[in-house]
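Chemist: Got chain A; can you put chains L and E on it based on the hints?
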Amino acid sequence: MRIRCPFCGERDNGEFSYLGDAAPRRPDGLEASAQAMHDYVYLRDNPAGTIRELWYHAAGCRSWLVVTRDTRTHAIESVEPARDVARARRSGEAA
Amino acid sequence: MSEPATIQASASLWQPRSAWGGAPRAGRHGAPGQAGIRLTLLEGRGLATLVATEGNEAGLQTVLAERFGLSAPEAGGAAFEGERGLVWSAPGQWLAVAPSPHALRDLPEALRGLAAVTDQSDGRALVRVSGPQARALLAKGVAVDLHPRAFGPGRAAVTSIAHIGVQLWQRDAGPSYDIAVARSFAGSFWAWLEHAAAEFGYEVATVQG
Amino acid sequence: MTTLALQRAEAPVSATSADQPFRTAAGGLIDRNRPRDFTFDGRRLTGCHGDTLASALLANGVRLVGRSFKYHRPRGILSAGSEEPNALVELRSGARREPNTRATMAELYEGLEATSQNRWPTLAVDALSVNALLSPVFAAGFYYKTFMWPAAFWEKLYEPMIRRAAGLGRAADAPDPDIYDHAYAHCDVLVIGGGPAGLSAALAAGRSGARVILVDEDFATGGRLLAERREIGGASGADWAARALAELESLPEVRILSRTTLFGVYDHGAYGAVERVSDHLAVPAAHAPRQRLWRIVAKRAVLAAGAIERPHVFGGNDRPGVMLAGAVRTYLNRYGVLPGRRLAVFTSSDDGWRTAADVLAAGGELAAVIDTRPSVPPALRRMAEAAGARVVTGGYVAGTKGHLGLSAIQVVDGYHSVETIACDGLAMANGWNPVVHLDSHLSRRPVWDEAIHAFVPGTLPSGMQAVGAAAGRFTLAECLESGARAGAEAATACGFTATTEATPQTDPESLDHTPLWRVPKPLGKAFVDFQNDVAASDVELAHREGFRAVELLKRYTTLGMATDQGKTSNLAGLSIMAELTGKDIPSVGTTVFRPPFTPVAIGAFAGHHRGKDFRATRHVPSHAWAEENGCVFVETGLWLRPAYFPRAGETDWLDTVVREVETVRARVGVCDVTTLGKIDIQGRDALAFIERVCANPFGTLPVGKARYAVLLREDGLILDDGTIARMGETHYVMTASTANAAKVMQHLEFCRQWLWLELDVQLASVSEQWAQYAVAGPRARDTLRRIVDPGFDISNDAFPFLACADVTVGGGIPARLFRISFSGELAYELAVPAAYGDAAWRAIMQAGLPYGITAYGSEALSVMRIEKGHAAGAEINGQTTARDLGLGGMLAKKKDYIGRLMKERPAFTDPDRPVLAGFRPVDPSARLRAGAHFLARDAAPSLEADEGVMTSVAYSPSLRTWIGIGLIRRGPERHGERVRAYDPVRGADIEVEICSPVFVDPKEEKLRV
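Residue numbers (the working numbering), protein chains in the order written: chain A, 1 to 95; chain L, 1 to 209; chain E, 1 to 1009.
Simulated from the structure, these hints should not be mistaken for lab results.
By construction, the Cβ of each residue, glycine as well, lies at the ideal position given by its N, Cα and C atoms.
Take these hints with a grain of salt, some might be off.
No more than 20 Å apart at the CA atoms, straight line, and that leaves these computed lysine to any residue pairs for SDA-like [stated by the list, open to error]:
#  : chain 1 : residue 1 : chain 2 : residue 2
1  : E       : Lys521    : E       : Ser417
2  : E       : Lys521    : E       : Leu580
3  : E       : Lys299    : A       : Arg26
4  : E       : Lys299    : A       : Pro81
5  : E       : Lys521    : E       : Thr581
6  : E       : Lys743    : L       : Ile164
7  : E       : Lys893    : E       : Glu714
8  : E       : Lys743    : A       : Ala34
9  : E       : Lys894    : A       : Arg26
10 : E       : Lys894    : A       : Asn13
11 : E       : Lys894    : A       : Ala34
12 : E       : Lys612    : L       : Ala191
13 : E       : Lys612    : L       : His163
14 : E       : Lys893    : A       : Ala34
15 : E       : Lys401    : E       : Ala124
16 : E       : Lys895    : A       : Ala34
Residues from chain A shown here face chain E by an in silico Cβ test under 7 Å; the list is partial [to be verified]:
#  : residue
17 : Arg2
18 : Arg26
19 : Met37
20 : Val41
21 : Leu43
22 : Pro47
23 : Gly49
24 : Ile51
25 : Arg62
26 : Trp64
27 : His74
28 : Ala82
29 : Arg83
30 : Ala86
The following block holds chain A by itself, in its conformation from the complex (with noise of 0.2 Å):
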């Protein structure tokens, strides 16, 4: 499998860490809820289809990734920054 990380290029996935869903959200603060922390830490969707998931470019850069993949055909629609999703989710948020 090859990943094209935004920042160095395609590389093979053995440079890269996976992490999982990159849907769910840390609820922070003090006044989180310990049920909103449980569904963050263990609730995941499995979907056969499209994903989007993080990865980290461990023997590369250190950055962060959202990859969407079809988990059917591993074909990768796109690599992005997790810094960039992060960001434009809290943009989002307070549009």
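Modeler: Frame of chain A, contents of chains L and E only:
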């Protein structure tokens, strides 16, 4: 970053040790004939990581250009003036390279507030790989395409060779490449280098700063 | 019925090669002026440069090459390529011995040694061939049915028996002396296969300037062009191939990898290939690799892997002398070898008649042509009959005769009468299967093409195109045309301007073909899978017993599961199952293939990574001194850490460790702790960041002070522990444990880049920059006073416990000093730039000399931390919470941090949860073992009675007894209580007393002096 003080150590006990340790043997090795590979150990270089503070990259560029005559290259780049330069390492991060640690001593103060500067002069072993078979040699370990159409002088990559993390950048179209590898891995990396270079025939030399 | 016994001791075909009696007088692509001596089963033979082992054996009249896997039946050479199921030999000897090598792929070299396999005592007389007589017993499913009961027989009888009979060939029993190499390659267009289609594709792509890699498993490029008497543009096919190769070699961006098998297709344009760099030499040249594993990344690929001919399924079709018709042509035309004196052809296509023609053209005797089709073109019949051959149409070969090789075939004609025809070679032509292996590696199933009665590639992996015979386009004209078109398209897709030239003229050919999947009434065992000895009757048995689905058929009969992956057998098996179930072949389906296409040596995968280079070794800065001083090292992850430093007179590791611990506790010692991860954390929000990643509070930590730090995972368990030192207003240094250094860095980057990007924080790993040494013991300060430059006050008042500062050593060398202690003694950690690590170590050893300093290693370090009850990797094992380890009290109450909520889950706060305690044996001489489980004194061992586990033990020089720490239910409440440390694995059951985990200096007085 602690100030890289001028070292006045005169006591014979306090001598620096090469990051390559005792592994490399100078001279001609491997297959006979014209040596296809030249390995030059780069000793005594100054290295530091620059990590830009949030939102200050423009200011950082200005100070680097005005004070040091350096420009921080974009992703995958290496910008050199002689043996001084900056090599891209990660988003907002560069490796500053200089002939000696001394040459980097003003960086932390000059970049205060713009970038965190961390001395790494001792943390990496540096080798220059050149010679007619340099690219063929690196193809044995580097998964990145180093073909002139894909890579060239001024290009850099953070990747791994033989499961050892490396940062490499091309210096000239000869081609010659500089490779930085973490100090504790230097012995194992050298073992790979010898294994890979043997079939081409190689010579080993050392240069100071 | 007529019988014509054939004697093989006739006059040689070629008078000039009396030593190679089956070599033709002229022709072929071998070099007759370069003889090559070799041995087979010790017999000295001679072949030619350009031969394979198979062609050289045939040239010498050797037909019997091996014994089959299950029945030990005599087997010969079926094919002339990588699909060979029968002719597997051991090549070379000693450390280079290589089993299961296909004789059809082994290039002949001077001095080659080959040995037949799977026979005892000799190839001609094989004791286990009695299995063949028992073949009704050994049918499919035999093992499943027979070795089921009684269960007690398994270990003593069945398994040893099966193991003795199983397997082919013998691996070398000495380490491989050769070098194996790895290489990466990148290209625009990868062309797989060097036949007419592949060469056309490579030319079209290469001429455009695209970067092209042509991979060909053969040592001579040209594929079937080397094996056929064909013409392209008026020249011979072989000449055309040579010219194409020459042009490709002249193109600077074209790389030709011959002797290279593309064995795997992976996601996103990644390919695996193995190049047999030196397999054609007795011994590789100095410094040259034996084989090279290529990892190729290509934007586009053209699959031109050709096709594999199908055998007929009839009685005795495995007898040496029965071959594929295309292989017969290869031996005739490429190698100048007649595979028999008197050859017959068994065909279901016009293609088989080409073999008949080639036999005659090479001066061979044509015994018969048996065509399963009722009528054949009159010209073909005339050609055969003019040569005196018997021609049977609408008939078939039902069986074969011969002792260790073919001497006659039994032919059934259209009127069902049986005729025996003498011959010592039979060529089978039953059509061709495109090589669909590589394109199905990514789980893409091939599809049935009724027009050619074969599976062809289905949906191809992205960027791949199949051409020529690999796509079911069998004619030479189609190969040239489709190859050139695909090569040009691939180059164009990569941004190059490619043009295709007019396809050169080829001589006409007919592909008329009606396959016969198996003969109606075979005489004798009719094999489907030669390598795994699966016969048509086994497929029938599988059908009768309900194993009809293709995946079940495969597993029940082992059809297609040999190292050849059923290259010559899969379709035959499927077609028989189709016939039995009354379905058509595509409804039965097909199994998909997996990498590797052909077997790849483990050595090629390992490459440089074997022996001491199996994985990288990391050395600590004091390594040179440690080596000079006879240190014993231990592997900790990739690190090679000093474990202990034996001195003269110490006979046991424990002597040394006790001495090191006692010296540290009484005087002073130094230990290399560089392996710890060290992370510089800087930035405006460095403190806020640390507060969120650490579970204990840091808001009150002043500049110049360090603090123990515990990091949780979000699920509430401990991630790691270490120290954080505040070196400046916005500058902190964090340490992580040796094993978790990379994991912690990844975690911090995750927090910085994904969770809290609003924080201004910069991380830099300085693990490699600083050599770090623990100097511990009552005389640690005295020792360091002689190291740290004058001007830095390190007195207890100026530099108390948990102080940290930037200092200089050795007259101006920058250093960091931390007053932290893992041993429980007055202790410091001194960090110096790694280049001065060696010097600093020697300086410390010298400075400590007056105080009786010792170097100590990870063993003594571990003893002392157990004596102090400090948790380490055995306790921070991914299953423990801070509370479990007695750290609950230090956790912050008023901040949010990773793991805050989840650590409060009921299971983690259950008062019955095992928590940290100390243990000492009731009998002071008893030795404790880590891993022992705790049981009440009267409890019978059971999971329910399990109260916890001993995690770490040590012999304590301070207490003169073994001590342990571990996790036990309600541990802190039970000090003084006795339980059993039960260790059935090592047969120990020791009574221990629960105590505080802090065995030494519980009031921590030594730390602060």
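Chemist: All the hints need checking, so say for each whether the structure fits it.
Modeler: How the hints compare with the structure:
1. E:Lys521 with E:Ser417: 12 Å, holds
2. E:Lys521 with E:Leu580: Status holds; Cα separation ~15 Å.
3. E:Lys299 with A:Arg26: Violated, at roughly 39 Å.
4. E:Lys299 with A:Pro81: 24 Å, violated
5. E:Lys521 with E:Thr581: 18 Å, holds
6. E:Lys743 with L:Ile164: 16 Å, holds
7. E:Lys893 with E:Glu714: It holds: about 16 Å lies between the C-alpha atoms, which stays within 20 Å.
8. E:Lys743 with A:Ala34: Violated, at roughly 26 Å.
9. E:Lys894 with A:Arg26: With Cα atoms ~18 Å apart, E:Lys894 and A:Arg26 stay inside 20 Å; holds.
10. E:Lys894 with A:Asn13: Violated, because 41 Å separates the two Cα atoms, which is more than 20 Å.
11. E:Lys894 with A:Ala34: 16 Å, holds
12. E:Lys612 with L:Ala191: 10 Å, holds
13. E:Lys612 with L:His163: Cα-Cα ~14 Å, so holds.
14. E:Lys893 with A:Ala34: Distance of about 15 Å is within 20 Å: holds.
15. E:Lys401 with E:Ala124: 16 Å, holds
16. E:Lys895 with A:Ala34: 15 Å, holds
17. Arg2: Status holds, d = 4 Å.
18. Arg26: 6 Å, holds
19. Met37: 4 Å, holds
20. Val41: Holds, because the Cβ-Cβ distance from A:Val41 to chain E comes to roughly 5 Å (cut-off 7 Å).
21. Leu43: This hint is violated: A:Leu43 lies away from chain E, its Cβ roughly 13 Å from the closest one there, beyond 7 Å.
22. Pro47: Cβ of A:Pro47 sits 18 Å from chain E, so the hint is violated.
23. Gly49: Violated. Min distance 16 Å.
24. Ile51: A:Ile51 check fails; min Cβ-Cβ to chain E is 16 Å, beyond 7 Å.
25. Arg62: 5 Å, holds
26. Trp64: Status holds, d = 4 Å.
27. His74: The hint holds - A:His74 has a Cβ within 7 Å of chain E, the shortest such distance being about 5 Å.
28. Ala82: At 5 Å from the nearest chain E Cβ, A:Ala82 passes the 7 Å test, so the hint holds.
29. Arg83: 5 Å, holds
30. Ala86: 6 Å, holds
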